[in-house]
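These protein sequence lines are chains L and C, in that order.
The opening position of the first sequence corresponds to residue 1 in my numbering, with each subsequent residue numbered one higher.
The opening position of the second sequence corresponds to residue 1001 in my numbering, with each subsequent residue numbered one higher.
Calculated directly from the structure, the hints in this document are not laboratory data.
As the structure is a prediction and not an experimental result, all values here were calculated from the model.
Careful: at least some of the hints might be erroneous.
To be verified - Computed spacing ranges between beta-carbons, pair by pair:
| id | chain 1 | residue 1 | chain 2 | residue 2 | range |
| --- | --- | --- | --- | --- | --- |
| 1 | C | G1030 | L | D179 | 50 to 56 Å |
| 2 | C | R1250 | L | A89 | 24 to 30 Å |
| 3 | L | P256 | C | R1130 | 45 to 51 Å |
| 4 | C | A1089 | L | P256 | 45 to 51 Å |
The C-beta atom is built at its ideal place from N, Cα and C for all residues, glycine as well.
The chain contents come next:
Number of protein chains: 2
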Amino acid sequence: MTVVRRPIGVFDSGVGGLTVVRALRARLPGEDVVYLGDTARVPYGSKSPRTVERYSLACQAFLLARGVKLVLIACNTASANALPALREASPVPVVGAVDPGAASALAATRDGHIAVIGTLGTVRSGAYERALAGRPGVKVTALACPLFVPLAEEGWTDGSDEVARAVARRYLTELFERDRDIDTIVLGCTHYPLLRDVISATARELAGRDVAIVDSATAMAEAAAEALGTGPNGRKHPGQLACYATDISRLDEIAPRFLGEPITSFELVDL
Amino acid sequence: MTVVRRPIGVFDSGVGGLTVVRALRARLPGEDVVYLGDTARVPYGSKSPRTVERYSLACQAFLLARGVKLVLIACNTASANALPALREASPVPVVGAVDPGAASALAATRDGHIAVIGTLGTVRSGAYERALAGRPGVKVTALACPLFVPLAEEGWTDGSDEVARAVARRYLTELFERDRDIDTIVLGCTHYPLLRDVISATARELAGRDVAIVDSATAMAEAAAEALGTGPNGRKHPGQLACYATDISRLDEIAPRFLGEPITSFELVDL
Chain L
1 MTVVRRPIGV
11 FDSGVGGLTV
21 VRALRARLPG
31 EDVVYLGDTA
41 RVPYGSKSPR
51 TVERYSLACQ
61 AFLLARGVKL
71 VLIACNTASA
81 NALPALREAS
91 PVPVVGAVDP
101 GAASALAATR
111 DGHIAVIGTL
121 GTVRSGAYER
131 ALAGRPGVKV
141 TALACPLFVP
151 LAEEGWTDGS
161 DEVARAVARR
171 YLTELFERDR
181 DIDTIVLGCT
191 HYPLLRDVIS
201 ATARELAGRD
211 VAIVDSATAM
221 AEAAAEALGT
231 GPNGRKHPGQ
241 LACYATDISR
251 LDEIAPRFLG
261 EPITSFELVD
271 L
Chain C
1001 MTVVRRPIGV
1011 FDSGVGGLTV
1021 VRALRARLPG
1031 EDVVYLGDTA
1041 RVPYGSKSPR
1051 TVERYSLACQ
1061 AFLLARGVKL
1071 VLIACNTASA
1081 NALPALREAS
1091 PVPVVGAVDP
1101 GAASALAATR
1111 DGHIAVIGTL
1121 GTVRSGAYER
1131 ALAGRPGVKV
1141 TALACPLFVP
1151 LAEEGWTDGS
1161 DEVARAVARR
1171 YLTELFERDR
1181 DIDTIVLGCT
1191 HYPLLRDVIS
1201 ATARELAGRD
1211 VAIVDSATAM
1221 AEAAAEALGT
1231 GPNGRKHPGQ
1241 LACYATDISR
1251 LDEIAPRFLG
1261 EPITSFELVD
1271 L
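Model the full structure from these sequences, guided by the hints.
Encoded structure:
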């Protein structure tokens, strides 16, 4: 009997989703992964729900054509705006970023004061508010932080970087003005984990106490394992990673920062 | 005899090109203008020449189908990477941003030390260096400044804004480290004129003297007038402005900042 190994598909608007691939490979090391970054049309975060949905469906169709057994939407903006359409169009399970991120926040919060930072598209969608609605005692404050993405791509992420600190102070000041009791911040964008240190330090400074910082990558990997109904599998060899992108500019430079391992190569595709 | 009024076509990766429309309407107030912002695929500045060329050709085809008599490429990245392909594909004259910008810099420089700041795509193309090559005594230093675009879109453009100053200081320090005698800076991206004050003040601070700041919008309007062979025309009524975009997110909020007048509406188009 021939067992066909089907890969897990992951897509993102760009390279940020490689932070999810990293968590996925740690949780399910034997699985093959196909990654697609829509780098020709990145970012999704500033665009309308209609455009985000259209692009996301094209990304998912590309992955489905490669026989994936599960689709992970690494991009928060796509998860927040296109999940229903993606699920309707997919014969295999589709896991988004919002529900796992919301679950992580609930596990981390002490007093229920949760902040979500992300792109304009994620914040405008109200997806995190919906995911956390009906939880007694939970208050959600959401804020778009557009400068965090280019900061992460410039590599100005050090906790003592003057620009990074000035940008973080500007956004987090507005956040704490809206709710001074925030105790947990969800990094609702795949780029933001690279800025975790400066966000955490600035939040502590402004709040006068520790603030939990959670991202959805680990929770997404867990959700993927659940959806597949598998624990860690017994394969001795690490699964293969195939990376595709719709544009190749700067991938070699930027992608390894997100993946945390060298990337052999991206294959260029037109969608 | 019926005289058909044909419009001037202007395209850009997004809304920044409205700074060029503004200059064009000041120079040729009677002309009709059709503007297309490819806001669904913005930015071009971080993408490869191949992708920029493909998108630019689609934008130009849209304008040509509307019967324009001249195409202005407001986007520096598209001008720097796609001008030959666009000219080859157009039956009407095509004016880019680079040559007018270079001419403005030559007119402004005292000692020939010219800096060009723009997107990664513009800087990597070497287009400004080529436009200024062979000018005796001219030295060109080019630097990509990716954070200036989201800064302008956030509206953090005030000369005393802490974040804007920190970002400008970071980039301009690198520029003056490469050539401490820079006396002229070309704003080689349609977003940057909104940051003119903070760029100018920071350059003066770092150089210890005034530094000329030039942009290509006015020079492009002049080049358009030359290409049409017209001086100011005698029409009493201002020309019409029709604006199209491939995505509508945030246009109402951002576009007027660039155009300097209210915009009645954008029409959404698929390319």
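Now the hints, each set against the structure:
A hinted range of 50 to 56 Å for the beta carbons of C:G1030 and L:D179 is consistent with their spacing of about 54 Å. The hint said 24 to 30 Å for the Cβ distance between C:R1250 and L:A89, and at roughly 27 Å that hint holds. A hinted range of 45 to 51 Å for the beta carbons of L:P256 and C:R1130 is inconsistent with their spacing of about 32 Å. A hinted range of 45 to 51 Å for the beta carbons of C:A1089 and L:P256 is inconsistent with their spacing of about 38 Å.
Figure legend: structure checked against the earlier numbered hints; hints not met, in rising order: 3, 4.
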